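Q: Residue numbers (our numbering), protein chains in the order written: chain A, 1 to 363; chain B, 1 to 583.
These aren't lab readings, by the way, just hints derived from the structure by calculation.
Quantities reported herein were computed from a predicted structural model and do not represent experimental measurements.
Ideal placement from N, C-alpha and C gives every residue a C-beta, glycine not left out.
Errors might be hidden in some of the hints.
Every beta carbon over 12 Å from chain A, so not counted as near; a handful from chain B, in silico [claimed, not checked]:
hint, residue
1, 64
2, 184
3, 207
4, 329
5, 446
6, 487
Pairwise CB distance ranges (calculated) [claimed, not checked]:
hint, chain 1, residue 1, chain 2, residue 2, range
7, B, 196, A, 259, 57 to 63 Å
8, B, 196, A, 155, 23 to 29 Å
9, B, 498, A, 129, 23 to 29 Å
10, B, 264, A, 32, 51 to 57 Å
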Amino acid sequence: MTNTVSFTGSAQKPNLSMTDHIIELEAVSKTYNGQYAVETLSLTLQEGQLLTLLGPSGCGKTTTLRLIAGIVAPDGGAIRLSGRHVAGNGAFIPPEQRRVGLVFQDYALFPHLSVAANISFGLKRRRLSRKEESNRVEAMLQLVGMSAYGDRMPHMLSGGQQQRVALARALAPEPDIMLLDEPFSNLDTALRTQVRAEVRSILRAAGTTTVFVTHDQQEALSLSDQVAVMFDGRLHQMGTPEELYTNPVSKQVAQFMGEANFLKATAHGSRALTPLGEIRLLKPQVGEVELLIRPEMLHLNPADEGVAAEIEWREYYGHAQRVGLKLGDGTQLVARSDAQVAFRTGDNVRVSVYAPLLAFQNQ
Amino acid sequence: MAAAKQSIPTSTDSLSATTGYGGKRSQNRLSRIWRWPSWTLALPAGIAVVILLPIAGLTLTLLQPDLALWERLWATILPPMLRNTLMLVGGVGIGTLVIGTLFAWLTSAYEFPGRSVFDRLLLLPLAVPTFVMGFVFMAIFDYVGPVQAALRTHFGEHVGLPPIRSLGGAVLVMTLVLYPYVYLLARAAFREQAASTFEAARVMGFSRTQTFIRLVLPLARPSLAAGVFLAMMEALTDYGTVSFFSVPTLSEAVVRLWGWGSGTPQAVELASMLLVFALLMLVMERALRGRAKYYQVGGGSKGRRMNRHRLSGWKAALAPLACAGLLFVAFVLPMIQLTSWTIQELRGFTTTAWQSRFFEYVGNTSTLAATAAALVVMLAIFVAHGVRATAHDGRFSRAARVIARLLTTGYALPGAVVAAGVLMFLSPLDFAINDLAESLGLDKPGLILTGTMTGLVYAYLVRFMAVGYNSIESSLEKITPNMEQAARCLGATPGRVLWRIHLPLLSTGIAAGALLVFVDVMKELPATLLLRPFGMDTLAIWAYIAAFESLWREAALPALSIVVVGLIPVFLLMRIGDRVPAT
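Extracted from the complex, chain B is given alone in its bound form (with noise of 0.2 Å):
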């Protein structure tokens, strides 16, 4: 084996950094090779101030309060608002803990004909997005929907069911459509529990549901918080069904009240209020989460997990019957129903006419998805890459996980807050370029932040920054730092090491973000409610304005469009269930 030996240049020539001949000045930054420079960080820093600007405008309210119009505010609309919304999110938050950890359990530690099926789908109401369940269940279970009629034909006049329409009836339908979060995060947590604690318990005489009161739950803990706060922050920012079922709460009156005559000094107001709710929520969810680190020794992937218990008997009918029935209530219904309308109402259109209308709005949809999947998973690598470059050195490290932390704070917040600050941030600066080109003597542009899709693909971006992020970093910690060193040591350049090993590695993320993102925004109504440019309306509007007017047959159709691309990361997230060794 020749050893070859090179010869070492004597000059100081302009040889590049990388080959690694310079003066005594270069050695300093040439030892930091593998730590990347400082600047690394400035463009997720860049990024981070960016995303976070449109709530610097609404904190700055805050700070300055009209105090007549709070006055006013509190004399009048406030307080009701206030209760619906605290009541409306308490509820649900308990309605979804107590269904998603129960039917968790079920299925995780007891087995019963059909629980692997059960197991699947009751993750299923996760691709409905709340407002068209809201409608749904309006339709069905109004005083003059069908099962009300029937109920009174048959039972006589007086009979009824309460009504859906109120802040009840939203607790009942949110918790139906969102208990997902928390079934998915508490089977998550359950399963992870080793047996051999399990075992200690029950070894120790405790019973399978003292063991399951005393022990899995606290263990679980950190897990069905943050479910318990998913689904509380969806029931926040929810416009669509407490607008149909006329609930007064902030985030509806954010976006009823926003544009409306004297309305949106109001709207600011209640929204910065709401945004103050959010970060309560958002600190309040990270006490319980963080406090709460228990490592299982034995547990996790090492574990043998714990077997489950054959049910029999009247019991082995009632499990499945259960799941079953939740799921009817949940999903099936609401599917049987928005089918059956769009079948009637595509009947009555002629094929043309539907198609152009229908296909408009997929366009407008596709395009705003597209737009923000894209840019969210753009950033989502720059910020993830900076971040983890910088991982090892102690002095930026921490101020990369606060970054990180910081762009991830959009997802907490309500879509109208968002919306609101976004305005309250672009529109000033619409006005100002638009005195710029008069006073430089040039044509007026027009509201080209505001006024077109710009302003509402941000806010998408901060709301929405927080999935494409998480996705993308879990990926790129399957790419360790002993790979990167393996592959440099092997021959490949910084920029082959990026191309045939990061990129690779990184598409299953990517294309897992890049698709939460869009169905995300194919959901999302209260900001595109208010940030939408004029003609371009989505398909969720499309179905929340049919709604509004009672218009089932009509709202249907889109209804229908996005529960089922909807479906589409659910069944991926079924599927991926799978590949976890078999329990």
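Next up, chain A with everything else stripped away, as it sits in the complex (with noise of 0.2 Å):
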């Protein structure tokens, strides 16, 4: 049973001729004791894009990475990184031979070697001169904002300060694609938004083809030029940020990139009948479909317009409040805005939704 991929929008059909790609996975798998980590999964990426993978734990994203780094061997299909053909059909070049860089979640610096020396590991094969070295040192520091930092050994530094040494470390010899594994999990979360963003435009600056791996979809859709989502050892969809959030392939996907309402409805052609009034869809259906509705499309108005609902709970967020709405026929939504009308249990509100809307076969 083959994968479903599913490209959309702007991503291009995988055309492996094509050598501005700078990965290249073809239909590539993955046993460990005989389960499927990774089941024929097919990706591209052009180079200077950052590409996040994106979804549950076990779902093969870190396998995936692991494979594109070396580290480990693929049981089926090929991988072409920068149009060399480094693994599949008899071949495979070593990790240390594929110019990639590896960010850890664990950051793994060398606990022996001082900040300074753990950027400087990669340089060593480039027989650089001692000044070439250390002024390369010198800029990644820079870059990374520790220049200070040079002589501290890694126990001395905070969990924030490693990440950005480890990044360092792997972008001092200039790897064409870099791979971070779930780099911010281990940070707080005060601290993950700015570093975040910070890292994002390191990668940016340098022009670094980047594949992240993540589980938290706020991650993925806030830093990538493209997401792939997958469960369970396979790609279920591939595309920018807002083709995974307002198209998305599956019930399954729609849910993971975000809340998502469900509303059961009649189609026929380009309308349907819903609980919220006749709808139009984005895409012709006939028969029971389900209608994703995310809790931002929702408009509540207190006013004469939409169907009638009750407000059975609220949750405030300072710049944005959720809502739990009940139809009259005992149908349950959530609902999102901003905070301007502050609702309150019990109030009696009219509902409305922006349409068209995506529609999925009842299943």
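With the hints as a guide, bring the two chains together.
A: Here it is in structure tokens:
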């Protein structure tokens, strides 16, 4: 059974003879103890782009990263990096010859080497002069904002600082590809957004083709040019963050990309009959369907517009609020809006929805 | 940034596997590039077999018992020997458990003047071999010794102490020198427990003592079991003390009877019984420890540790007094005595005489200890590496762990058992080699195995492999697979990873392991007595023989030397304890 892959919008169909694709995975598989960790995965990434592999724990995203790095070898399929065949069909190039940089979740700094020595570790095989090497280390330290820390030992640094050193170390040898495995999961939440933005701008400035791995869809949406959603070793959908959020290929992907209401409806052609009235559909469908309604697509109006609903609960977030709605026929929905109008439990409101909507066949 | 493209060779030429081009078959091998091939485990397995061979010989004896011999043993020497052994081991177990646990609790839960100093000093008896403590106590407290003589002088002829040269005396002496095993492990266990667990119990109405008995002790049970086991194993293996005190035990009998007239078959049978004893204890310890695996939520390095309760009044005076008292009896007094004897002895020697003799013994001891340490460390690196490399491969990881377990059982076996096993294994081999040489027309080489250092170093390997292995294994654990992979991605070949990452990070483990093995060999007595080649006496042998003849002053110099060297790892241990975050 082949993988369900959907390329929508600007992502191109895999044309594997194009050499401005820096990463090409062609039907790659990897099994452990008879179980598929990655199953016939195909994707490509253009130079300079930032891809996020997104999915729940155990979906195979870290394994995919390790396959690209060369830490594990695929059991099937082929991998090409910068047009060079690195794995599959009897060939295998080990990681030290692939020119990829890898940043681990636990940073994996060498505890017996100073920060500067860690960063220069990957420069040794270049045979740079001592001056060139120290200049490069200085440049890297400056890039990540750790100029004064060259002589420190890793155990003296905080988590965020260690992560920056790990990033500098991986970037120092100017790899073609940067791979980052859940790099922000060990940071405090407060630090996370800031560090994310910094790392992204560093990578953009360097123009490096990058692959992130994360289970946090907020991270994926905000960081990447392309997002690939994986479940159980298979790629379900790949595209821009907007495409995945507004045009998910399945309910599973829709739910993973963000909070989702699914409204039961009966479709006939380009319109569907729903408890919220008749609504236009994005794509014509017939029969029993479920409509994807993101919480922010529900419009709440205390005045006379839309269907009657009662507020069951409310969560206040300062800049936004989430409310639980109950329609006349018992349907429950979650809506999100700004906090200008303060709703309260028990209020009666009128609900309408921004059309058109995406419909999924009832499963 | 230039994306350099390499040309793809189209022919299956002789490029090596690491450049990655080859035929279909090589793909299967290459696809396990990060899984080491199965032969990596063959070397550790081979080492394990070699280590365990001596034991195999003894086990075979168990399966073919000489019934007539057993009947005679049971009718004569065996029952009192068994009783003594059981009571000795049991007594030491209870004694060290009580003393070690109580003092560990005292220094962990309470604050009193001098606490932090005593906390570390209470470890000092670890440097003293049991037999040294034995003869020192015997000299001091025996009927003819100074203490009893003074009592008789002041209080009359009929006043005295119970005889030290008895089973009770042996238990007392050994408890004093072995309690640090329990103390050290109990202390670590108590300090690992989270404050919140303790405080929850107090809030529920339990007093400090009740909380200790009902909560802290059960939680610490695995560590306490491990410590008590170590102490009991030392008691089981002891030869010197029980020999001085004339308490016949299994260990003592094996060494005493071996090689004397018709005693060897008896010694063999007794050794096999001792082996069973040791294995039973090992099983018991694993059972006690294995069942209890307590994970504390919010404990360990993440939890807040409990605050110490400041003692006041008479308690604040009693605590340091108790610690000082224990320390005095267990370490200070023996050291003062040994030093005094040594000084007297040195005054009596002419300078050159004692120097040459002393350095000869030091040279012998160092040669043996250094050889054993180097071999243990080398083998341990191979095994630890092989075990780790197969850790993620399901098929081999269990085999690897079994191999590691087997290798470390040697530590649980008494020295006499190991020596007996080595002799039973190597003697026939020696004769076979000689017969072979004779049949080939060559000169008979003599006893090249049992008559040289080889046999003895082999016994040391079997006995102390665990020490080196544990040290290196814990160092190796600090090298995460991610570190290795990070180095590879940065362009380091496997060779460079070994040289720049593994070896530097392993160096502390290697040094610690080598040091521990060195010191353990220095302190070892029973196996050395049985296996040492003619003319190669160690400091421990010198001290034992002199003490056996009641030549205290002569025995004091080598004994003191052993203790001084033994203090090195103890001081290092004290310093490591300081690096734990302050509690």
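Q: Please go over all the hints and tell whether each is borne out by the structure.
A: Results of checking the hints against the structure:
1. 64: Residue 64 of chain B is indeed farther than 12 Å from all Cβ atoms of chain A, at 44 Å.
2. 184: The assertion about residue 184 of chain B holds, with a minimum of 25 Å to chain A.
3. 207: holds (40 Å)
4. 329: holds (41 Å)
5. 446: holds (48 Å)
6. 487: violated (7 Å)
7. B/196 to A/259: 57 to 63 Å: violated (36 Å)
8. B/196 to A/155: 23 to 29 Å: Holds: the Cβ-Cβ distance is about 27 Å, inside 23 to 29 Å.
9. B/498 to A/129: 23 to 29 Å: holds (27 Å)
10. B/264 to A/32: 51 to 57 Å: holds (56 Å)
The structure fails to meet hints 6, 7 from the earlier list, while all remaining hints are met.
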